[in-house]
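I would like the entire structure built from these sequences, with the hints used as guidance.
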Amino acid sequence: MAADQNIQSKMTLKLLGVVVGMFVFGFALVPLYEVYCQVTGANGKTAGPYTASATLEVDKDRWVTVQFLANNNANMPWEFRPTVRTMKVQPGQAYSTVFFASNPSRQTMMAQAIPSVAPFHAAEYFHKTECFCFEQQELARGERIEMPLKFIIDPHLPASVETLTLSYTLFDITQVADSTVTEPPVS
Amino acid sequence: MAGTEKRHQSRNGYMVGLKWLIAAIAVGSSWSVLADWSALNMTQGVTEISREVYDLHMLIFGICVLIGIIVFGIMIWSMLVHRKSLGHEPATFSHNTKLEYAWTIIPIFILIGMAVPATSTLRDMYDSSNADIDIEVRGYQWKWQYTYLNDDPAQEVKFMSSLLTPPDEFYNRAPKREHYLSDVDNPLVIPINKRVRFLITSNDVIHSWWVPDFAVKKDAIPGFVHESWAVVEEPGIYRGKCTELCGKDHGFMPIVVKAVEQQEYESWLAMKQQEAKDVYETVGKTWSMAELMETGEQVYIQHCATCHQINGEGIPPAFPSLVGQGLAVGDLDGHVDIVVNGKAGSAMQAFAAQLNPAEIAAVVTYERNAWGNDVGDLVQPREVNALIVAEE
Amino acid sequence: MSAVIESHHDDDHHHGPDKGLMRWVLTTNHKDIGTLYLWFSFSMFLIGGCMALVIRAELFQPGLQLVVPEFFNQMTTMHGLIMVFGAVMPAFVGLANWLVPMMIGAPDMALPRMNNYSFWILPFAFAMLLSTLFMEGGAPNFGWTFYAPLSTEYAPPSVTFFIFAVHLMGISSIMGSINVVVTILNLRAPGMRLMDMPLFVWTWLITAYLLIAVMPVLAGVVTMMLMDIHFGTAFFNAGGGGDPVLFQHVFWFFGHPEVYIMILPAFGVVSAIIPTFARKKLFGYDSMVYATASIAFLSFIVWAHHMFTVGMPIAGELYFMYATMLIAVPTGVKVFNWVATMWQGSMTFETPMLFAIAFVILFTIGGLSGLMLAIVPADFQYHDTYFVVAHFHYVLVPGSIFSIMAAAYYWLPKWTGNMYDETLGKTHFWLSFVGVNVTFFPQHFIGLAGMPRRYPDYALQFADWNMVSSVGAFIFGFSQLLFLFIVIKCVMGGKKATDEVWDGAEGLEWTIASPAPYHTFSTPPALPERAMA
Chain A
1 MAADQNIQSK MTLKLLGVVV GMFVFGFALV PLYEVYCQVT GANGKTAGPY
51 TASATLEVDK DRWVTVQFLA NNNANMPWEF RPTVRTMKVQ PGQAYSTVFF
101 ASNPSRQTMM AQAIPSVAPF HAAEYFHKTE CFCFEQQELA RGERIEMPLK
151 FIIDPHLPAS VETLTLSYTL FDITQVADST VTEPPVS
Chain B
1001 MAGTEKRHQS RNGYMVGLKW LIAAIAVGSS WSVLADWSAL NMTQGVTEIS
1051 REVYDLHMLI FGICVLIGII VFGIMIWSML VHRKSLGHEP ATFSHNTKLE
1101 YAWTIIPIFI LIGMAVPATS TLRDMYDSSN ADIDIEVRGY QWKWQYTYLN
1151 DDPAQEVKFM SSLLTPPDEF YNRAPKREHY LSDVDNPLVI PINKRVRFLI
1201 TSNDVIHSWW VPDFAVKKDA IPGFVHESWA VVEEPGIYRG KCTELCGKDH
1251 GFMPIVVKAV EQQEYESWLA MKQQEAKDVY ETVGKTWSMA ELMETGEQVY
1301 IQHCATCHQI NGEGIPPAFP SLVGQGLAVG DLDGHVDIVV NGKAGSAMQA
1351 FAAQLNPAEI AAVVTYERNA WGNDVGDLVQ PREVNALIVA EE
Chain C
2001 MSAVIESHHD DDHHHGPDKG LMRWVLTTNH KDIGTLYLWF SFSMFLIGGC
2051 MALVIRAELF QPGLQLVVPE FFNQMTTMHG LIMVFGAVMP AFVGLANWLV
2101 PMMIGAPDMA LPRMNNYSFW ILPFAFAMLL STLFMEGGAP NFGWTFYAPL
2151 STEYAPPSVT FFIFAVHLMG ISSIMGSINV VVTILNLRAP GMRLMDMPLF
2201 VWTWLITAYL LIAVMPVLAG VVTMMLMDIH FGTAFFNAGG GGDPVLFQHV
2251 FWFFGHPEVY IMILPAFGVV SAIIPTFARK KLFGYDSMVY ATASIAFLSF
2301 IVWAHHMFTV GMPIAGELYF MYATMLIAVP TGVKVFNWVA TMWQGSMTFE
2351 TPMLFAIAFV ILFTIGGLSG LMLAIVPADF QYHDTYFVVA HFHYVLVPGS
2401 IFSIMAAAYY WLPKWTGNMY DETLGKTHFW LSFVGVNVTF FPQHFIGLAG
2451 MPRRYPDYAL QFADWNMVSS VGAFIFGFSQ LLFLFIVIKC VMGGKKATDE
2501 VWDGAEGLEW TIASPAPYHT FSTPPALPER AMA
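Those protein sequences? They're chains A, B and C, same order as listed. Numbering of the first sequence is given in this note's numbering, commencing with residue 1 and proceeding in unit increments. Numbering of the second sequence is given in this note's numbering, commencing with residue 1001 and proceeding in unit increments. Numbering of the third sequence is given in this note's numbering, commencing with residue 2001 and proceeding in unit increments.
Among these hints, one or two may not hold up.
[Stated by the list, open to error] Straight-line C-alpha distance at most 35 angstroms; calculated DSBU-like pairs for lysine-lysine:
id, chain 1, residue 1, chain 2, residue 2
1, B, Lys1084, C, Lys2426
2, A, Lys128, B, Lys1343
3, B, Lys1277, A, Lys88
4, B, Lys1277, B, Lys1158
5, B, Lys1277, A, Lys150
6, B, Lys1258, B, Lys1272
7, B, Lys1194, A, Lys60
Derived by calculation from the structure, the hints in this document are not laboratory data.
Rendered as structure tokens:
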């Protein structure tokens, strides 16, 4: 009987261990999902700054249309737009463009641009060597800024992709980043 | 002797079963004659893809009905015949390896038969070749915004599309007209036989853009853009719905797509482009109080009344009242600011993205001078414009 | 405190129950706790049912007659949460408490103290959840699937209470399922091998493992929500580098196994009832066990079929489609086994059998519409319409709930020692059967014709069938009061039940007296001669 009790408490503890493990696993899904997205391009997420491991060969015979979208998320009053809507580019070649932003509100604000690529399976072939989305933007009231984007389309981009849309959504992160922002000037 | 008895009983059982079966078929067939199935089934739609999806649906539906008839038929037969009341003696078998293998393996083949056409349809849907027209579809709580992308920013057309049905109809104060809850003020207009690409995203929460006739349903997710496409073959008006719970007015943000001939599309687009220019000009002129109030009321009903209500009293605490309190009777600059820039952490959106300066000026003026509010002041479109452009 | 109770209980071990309210508060007896669970579940069923009736009353006609859309959304959300976590799951835990020890010849659950805690957490969890209805800003209104950011940035303040309520429910289920696993693996009567266990015990063992695996993930996802709302993290906020779609992945990683948590014990119940009333051994016992295990395994790798429209790469869509279709195979095996059990039997149709047969037919309809939903291109048209509502109500109402009712009728004589009123039972069955079908069958068509779910109001072409559906819902809803009456009548008295109760019933629970004594199998039973297949 005592031995039975012992087996039972051991089993209970083991099962509790599984419970704790699965709770941790729930959180582990966050980085796992991140990795999964990086690998498959699921959800159109693009990677961080690109450093060419080998120089990419320019595909002289192929032209791809890159289309830029810029949007504000809810309650974001900034003016935010691409300076060009589309570019015809050759895979392997480096290009650059500029996005425009201005802060018409009455205070200094912080913003974060979130990139997303459609179609999804093109995301992993869109390499950004320099992007304003890698950092947060801070603009004082009335301030205007031109934000650079430098990119290379990977020559391995599937042939079926003829147009690639890169969308940026601008989020107001002033409150989140409050501690780092200087007090807005009072008007 | 006992054997004869039993045989007799089981034949009796079969007769009873047969009678029931005939009755069931008779009832079933008369039912199918009575019902009008076309209004109860999935639409065939007006694109090649939507027809493929319809065919696929009918195929899998047919297979499922067939499986149902066979399984339920056997069950019902058994229930009618293998009853104790008919003296049926229970058999003793509880295993049959061949049978068990059969009903494991045969379904796999049926499933493959369904998976093959499904895969090919899905591949067709995921075609990402160049489109003739790119339209950005953006979900808002609780309306849609459409932007016709164009290399020349001056030629771009952008507008909001929201429910046309007045609240009087859904609160049963007025009779419900045709297209109740399915009509919008500004439908999306596209040409037929052109490949139109929809870039679907959201401003706030997750919405889903569904037009059954195109077999297009894609979630609109804030921060992400999804693509979908359609080549519409017949002119007509196609109605859709938001299909992801997005808050209070999830059921009140329909989609209307008008497919027209290329020529009609071009003249419509030119008209829209002209409208945008006109707005630019109207911002410059000086408006009278009456003009502002008239436009303001329209804008208010369309964009503000879902939350702040027609009578301005809102639904506190989420949607505060505008009558005799708060910014609506307070500081004019603050009032313009909250309409232009919204209020962080609340449902109050930044309307600079949705309304032009004239509309904002009008609605602010309206709010200050309606429902017994009598602040008496007004704001001119050009002042609002100055604030938005922030040229100071 | 607990030591005191422990010693008190030890003294008391071979006597009857305590008197008065404290019997129920302090009880560690599996039968008492089973009873508590079942009554709790039934009261939640009525509360959630009232919410369903508010929904159906509003949808009786086009237009907003009774409630405003904000409240409608609270009703759909609370109805879902209460039915899933308050009605179906506790009912199965209640059945497990009553039956598992009796079926395996154990004196009680292995961890009786924990058993008491796991029940008594529930009333607090649901009091907290229901109290949100009276809070400023109202109850949760973001659907029972609570997709971010509607449930985070855009949620009413009551969301925090919702999160804690879900935590409590999770803790309760986890403790309950640990108890089930430890009981089944350690306390079987000597000589009872795993493959000798009744299927109800098998399905519950597998269900308990599912619960242990996924309830912590649910706890994880609501914790992430809590952190996003109150501590400035951005798990699900794209602006902070998170992803709202991640929420759906984590939620459905819990959510899909959850669906099977609500149906596997039902399979066990039906597998007990059909052989009894067909007077024939269950067909294909082994394959039933294997099918249950494969369904449980598959449930972990198909979650994203709830999210086909969320925008996945084609490889993802195809994988989840194929994996989902695969579930049809073991599910089919189960249905075929039940039909084969009925075939050539000698059937009678008492109330439990009627509910069990209705289960097989209507669950199969729900399963077939589920197969249709697995086909991605067609799902683009079905997704989030009433077709889906019809599908999951077919598997949950005439699926899970009918099986629970079948179980109640089947084992009530054993629990109370009295037979229930057969005529009233059959009346209850037919009213429920008609009500369920009138409610949910037309919803297939409303959905195909294009009506999305979670709509407080709808276009005019959907009016007729919505009205039919609402009528059905009221028939179904009110006929459950008859069920309440039948159960109370049976508890109060009635024709005395024999120990065996049903002439074809097999299993250890039928070898003990009716009503089952407060303590059973204090000494392990000798197993009946094993019938070798």
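Comparing the hints with the structure gives:
1. A C-alpha spacing of about 18 angstroms is found between Lys1084(B) and Lys2426(C), which places the hinted pair at or below 35 angstroms, so the restraint holds.
2. Proposed proximity of Lys128(A) and Lys1343(B) is supported: the alpha carbons are some 34 angstroms apart, at most 35 angstroms.
3. Under the criterion of a C-alpha separation no larger than 35 angstroms, the hint pairing Lys1277(B) with Lys88(A) is consistent with the structure, at around 29 angstroms.
4. In summary, the hint linking Lys1277(B) to Lys1158(B) is supported, as the alpha carbons are separated by about 12 angstroms, within the 35 angstroms threshold.
5. Note on Lys1277(B) and Lys150(A): the hinted pairing holds, with a Cα-Cα distance of about 33 angstroms set against a maximum of 35 angstroms.
6. As the CA atoms of Lys1258(B) and Lys1272(B) are separated by approximately 15 angstroms, the hinted pair is consistent with the 35 angstroms bound.
7. For a cut-off of 35 angstroms, the pair hint linking Lys1194(B) to Lys60(A) stands: about 29 angstroms separates their Cα positions.
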